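The listed protein sequences correspond, in order, to chains A and B. Note that the first sequence covers residues 1 to 156 in full-length UniProt numbering. Note that the second sequence covers residues 1 to 156 in full-length UniProt numbering.
It is worth saying that the hints were derived from the structure and are not from the lab. Note that the structure is predicted; figures quoted are calculated from it, not measured. The hints are all genuine.
From the structure, some residues in chain A lie toward chain B, with a derived Cβ separation under 8 Å:
no.	residue
1	Leu31
2	Ser32
3	Glu36
4	Arg37
5	Val39
6	Ile52
7	Tyr64
8	Trp66
9	Ser68
10	Ile70
11	Leu78
12	Ile81
13	Cys82
Ideal Cβ positions, reconstructed from N, Cα and C, are used throughout, including at glycine.
Number of protein chains: 2
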Amino acid sequence: MAQEIERKYLVKNEDFKAIAARQVRIIQGYLSSVPERTVRVRVKGDKGFLTIKGIGNESGASRYEWESEIPVAEAQDLLKICEPGVIDKTRYLVEYEGHIFEVDEFYQSNEGLVVAEVELQSEDQQVNKPSWLGEEVTGDARYYNSMLMKQPYTSW
Amino acid sequence: MAQEIERKYLVKNEDFKAIAARQVRIIQGYLSSVPERTVRVRVKGDKGFLTIKGIGNESGASRYEWESEIPVAEAQDLLKICEPGVIDKTRYLVEYEGHIFEVDEFYQSNEGLVVAEVELQSEDQQVNKPSWLGEEVTGDARYYNSMLMKQPYTSW
Numbered sequence: 001m002a003q004e005i006e007r008k009y010l011v012k013n014e015d016f017k018a019i020a021a022r023q024v025r026i027i028q029g030y031l032s033s034v035p036e037r038t039v040r041v042r043v044k045g046d047k048g049f050l051t052i053k054g055i056g057n058e059s060g061a062s063r064y065e066w067e068s069e070i071p072v073a074e075a076q077d078l079l080k081i082c083e084p085g086v087i088d089k090t091r092y093l094v095e096y097e098g099h100i101f102e103v104d105e106f107y108q109s110n111e112g113l114v115v116a117e118v119e120l121q122s123e124d125q126q127v128n129k130p131s132w133l134g135e136e137v138t139g140d141a142r143y144y145n146s147m148l149m150k151q152p153y154t155s156w
Numbered sequence: 001m002a003q004e005i006e007r008k009y010l011v012k013n014e015d016f017k018a019i020a021a022r023q024v025r026i027i028q029g030y031l032s033s034v035p036e037r038t039v040r041v042r043v044k045g046d047k048g049f050l051t052i053k054g055i056g057n058e059s060g061a062s063r064y065e066w067e068s069e070i071p072v073a074e075a076q077d078l079l080k081i082c083e084p085g086v087i088d089k090t091r092y093l094v095e096y097e098g099h100i101f102e103v104d105e106f107y108q109s110n111e112g113l114v115v116a117e118v119e120l121q122s123e124d125q126q127v128n129k130p131s132w133l134g135e136e137v138t139g140d141a142r143y144y145n146s147m148l149m150k151q152p153y154t155s156w
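Using the sequences and the hints, build the whole thing.
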């Protein structure tokens, strides 16, 4: 089972869009949203995915993760039995000094929220921050997608 | 997404064992055990499976079901992050008058419980019951494996 190590930041402005290499629309729901064992169904462009994550460690930067691609039609079926609420966002892939930042711009009940995640090789690896990157929110449960579904950004 | 139509019965005695065609040990846990969306991890002999079921209709005989085989090592990893409690049982496959009955003999905290399930083509299809079959318990949530984990048979 792979360990996922990543840091999450707020995004201050839209400068990242001019240098984004790719973008894709993501619709996702949760079969389980408890932090100890989230089970996520995702339609990402024309593909489907099922992703299972365990609980993070104390810093929130490492979580167990298991993922499998599934037929998109099956993912769309599974979305129908997910918990109420859905995450709808565009993900931009932005390269900066050798790191890939995944920048998520949210819609619907999370309109106005933009966050960036970068994956690291180790928890103490240093990252040079691009100018559009804001406050770090790694480990802040409010920004988990599973939480944004229940307590969306526009309700904060 | 496939519809699963099945009937479940208690088993009165061990006569089924003499005519069982096959048997396999099953260890399983749940990433989600809420009836609206159960997510089950199963190690069945030397194979691994991930199974997702939606809520049943009113009679309890039809439930949405999605299943995928996964590497057994991944299933064993996923069992570690499942909800507390585990189902440990031997499943016997017993043919009777053209139907396959899956008979589950439970161990550990469900010791003493033996149930049989038969899959049907339609909800009104008739089944001839073998002599070792007892009371029908289709739709009785106490006998869902997801419930037996939380409120095991020996605690009834």
